[in-house]
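Quick note, the sequences are listed as chains H and F, same order. First residue of the first sequence: 86, per our numbering; consecutive thereafter. First residue of the second sequence: 168, per our numbering; consecutive thereafter.
Hint data in this document are derived by calculation from the structure and do not stem from the laboratory. Certain hints may be false.
[Stated by the list, open to error] Restraint-style ranges between C-beta atoms, simulated for each label pair:
#	chain 1	residue 1	chain 2	residue 2	range
1	F	F252	H	A122	55 to 65 Å
2	F	Q448	H	Q139	52 to 62 Å
3	H	R191	F	D257	29 to 39 Å
4	F	Q448	H	E151	15 to 25 Å
5	H	G99	F	W430	55 to 65 Å
6	F	F252	H	P210	57 to 67 Å
Idealized CB from N, CA, C, for every residue including glycine.
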Amino acid sequence: MSMLRLQDVNVFYGDFQALFDISFDVNEGDLFAVIGANGAGKSTMLRTIAGAMQPKSGKVLFEGEEINGISAHKRVDMGISLVPEGRRVFPSLTVRENLQVGAFSRRKGDWNVDTVVDLFPLLKPLLKRQAASLSGGEQQALAIGRALMANPRLLLLDEVSLGLAPVVIKAIYEAMVTLPDRGMTVLVVEQDVQHVLTVAGHVACFLEGRISLEGEPSELSPDAITRAYFGM
Amino acid sequence: MDWVNVTIQGILLGGLYALFAVGLSLVFGVMRIVNLAHGDLGILAAFIALFFVQWLGLGVLWSSLLSIVLMIGIGYVLQRGLLNFTLGTDDTRPILVTFGLSVIIQNALLMGFSADTQGLKAGGITAESIEITDRLAIGWYPLMIFIAAIIIIVALQLFLANTRMGRAFRATSDDRDAAELMGINNRHIYSLAMAIALGVVAIAGILMGIRTTFDPTQGQFNLIFAFEAVIMGGMGSLWGTLAGGMLLGVSQTLGAQAFGSEWALFTGHIVFLAVLAFRPQGFFAKTVTA
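Isolated chain F, as found in the complex (with noise of 0.2 Å):
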């Protein structure tokens, strides 16, 4: 029962790593940026959010969607301010850029608020636990983050299918000039799609920051399960990022499990090198060529 119990533990810590890489994903798929920043926006929201409760007495709920709508605007501010300028013929500018703001968030984080481990205090809600038997049980509050991360992959694929902004970001994806012809400013396109994508990761670093705890410098490891997702579940598909970070917390659940908890992270990393061995492209890549 111990191992059902872990298989499930890690399905649902899935989520979470899912909901990091849904925004990694989505600008890699309108815009080709690796957002090397990613991970630490995220972190950068649970502690906005911390910073909103510890200074200003609101509650976590207020607290987090507040950092939440902040995390959109800041998206949009930062790709028509600053990332739209690094896009062009040399692909490495965006990455240099964006690794320059990783280090200046945690250093900005660091100074802020030390480097100790912070956790947001959302009352009994992380604590309880629906009892299947006796031996298994499963967390309401993992589940829930579970739930989220389906509610906004489902919202997502909505938007990208059926509305007119969301065929706007794949045309652009498809062919930018092309776009730009029919009347559509992908400047506009690409600030909409990183304000997407940060107040995604917000949800995610907030919920992470609920669920455990969190200190400057985590950034860095969201990024990595975030990446290990995206290439695991293929890139350009929402459900394969689902699928490939359920595939990652399950491998560190077991692993933990099999060889004790400090070789969680290695067997996690062990699967991802495994799926790129086997399957470079993932397991529901959606590419098209004209």
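Excised from the complex, chain H in its bound form (with noise of 0.2 Å):
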């Protein structure tokens, strides 16, 4: 089933159009990547998702219904959650608090601070710390934690391993692909496409806001998703 589907999506900053006529599709269960260089729309695309931004003409559909029009708070209690780009964790609230927060929306399901911090051990000690004095894979941590606590049905990720540790890009990743098998289907944004690849089960890749190539990560070759990348 389609879990979410875009139709033809147009997004527009001002005069400036970001996307045009973007179309795929997101299966239940899938761990759906798109890759692309900065600038490519990808973040637009994933804030149209999430209800922060709002396409000139198009359609969203989430599980078979249209969400354009609905508000970014709206859309958490349907169960879509965007970890953004940079984490945006709150800096003034604890790492405990900052996940309560996360689950303001009272969404019913597995997620609470315990299974985070089993997910995330490296999250445990600090509980009780201001998230403003945690490190930049600790707040990555929290930021998809807190995301999780919303137990959403569709989970955005927006560039989660830029500027992180390989060590801790890896966790992330450990992290990410038990996801879909406890009845989540993500998509996930990148433009680091060597670690994305080997864990995403469908791909699209973005150039100048339309995308430029689609498939299984399998039957790309490496040529294919270079040209796709860069344009050439």
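With the hints as a guide, bring both chains together as one complex.
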């Protein structure tokens, strides 16, 4: 079943068009990766799905229903959570409080402070610390855990590996691949192609606001991906 | 003994200033709006209570409770229907709109109630006092105001620290866009913050109206006292606001004792300027950045 469908979505920043007729399907239980260079429109696409931006034309369908015009906070209630670029943890709140705020929507499900700590054991000794004092990798784990607290059906991850040490990226990816088995559909955006292609079941490459390549990673040659990524 | 007496009066007066300041501090903390109509809204609450007393014949207590409830509602509607639309890129817009609101409230009160000073009469309670020695007495009523200030600050602290909504307030204050992504409707949060702020300033305005007298133009002075209490105490700290209010109150009463009552406001402002010069962040400032 299609969990998320984009149909001919066009998004603008004022007069500047960021996305051109974007269409794709994400099936339930997928780990779907969107790759592309800086400025290709990946984050804009995620923000449109999360409701932080509205398309000028085209449709966004979630579980078969059109969600255009629904505000971001209501989409969380419906089961769409976004881990924003740059982590955006609440700096003055403790780690535990950040997680509690993540559960604001009161959606039912398996995720709570304990299960998040099980997924990211590095957070366990930090629960009472202020989020501002955490390292980048710790903040990223917290940001993902915070989004999970809403028990989403669809989890959107924006550049989770950006600026992190390889060992931390590894830990975050190991946690990420377990999520589809726990009833979640994951849409991840990355500039760094290497890691994400080893875990994704499906990949779409964005180039200047358009999809330049789409398929299963195993079927795509490295050359084709390079051309689609850089537009050569 | 007079000096001890005067100091105690000043501390208790500080409780009233803190009550005026708490809502200002909360609103600034949550949504970075400086509400220039804050003092006038407190005076408006006193006039609404007076209206209920004079025209409906209700007692002061019921009139006051009705006025407070009404102000809470006004706070929510005012934020949701007007002030939320001023938020965004330009910081001057909410300042201009609340300044306009201040002018409108003052003039509406002048038209409705004239420029006469008014009072809310609460019977004997305002005159009673506890005698500690024959030269030292603490008025029951100022003490009650001070205790009310402490109760309200404790309640607000507990709300902000321990409840789901309180955490949502703090999260919105830290990063409103990220809070929205957690399912928090920031327009609702802002409106709740304004509702709480106006509920507290209504209590302050009414308690002041019972303590002394009030007139339509008095809101601007209360606004200045509230600002001074918040800034001396340090942004973001409610206990700091209480400390700032106490310092301002003591500065005023000691100034009046030393130089005569016409100097009270002046010495209060001088102490405020001194704090601003030597400790501009205030005494208990709490700010965290990512």
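* To do: Mind checking the hinted window 15 to 25 Å against the Cβ distance between Q448 (chain F) and E151 (chain H)?
  => violated (50 Å)
* Given a hinted range of 57 to 67 Å, is it respected by the beta-carbon distance of F252 (chain F) and P210 (chain H)? -> Since F252 (chain F) and P210 (chain H) have Cβ atoms about 45 Å apart, the given range 57 to 67 Å is violated.
* Outcome of range test on Cβ distance (R191 (chain H), D257 (chain F); 29 to 39 Å) -> This hint holds: roughly 35 Å between Cβ atoms.
* Asked: Honestly, do G99 (chain H) and W430 (chain F) meet the 55 to 65 Å range at C-beta?
  -> holds (57 Å)
* Asked: Is the hinted range of 55 to 65 Å satisfied by the C-beta distance from F252 (chain F) to A122 (chain H)?
  -> The hint (55 to 65 Å, Cβ to Cβ) is violated, given that F252 (chain F) and A122 (chain H) are roughly 38 Å apart.
* Between Q448 (chain F) and Q139 (chain H), is the Cβ distance one that fits in 52 to 62 Å? -> violated (40 Å)
Against the hints set out earlier in the document, violations occur for numbers 1, 2, 4, 6.
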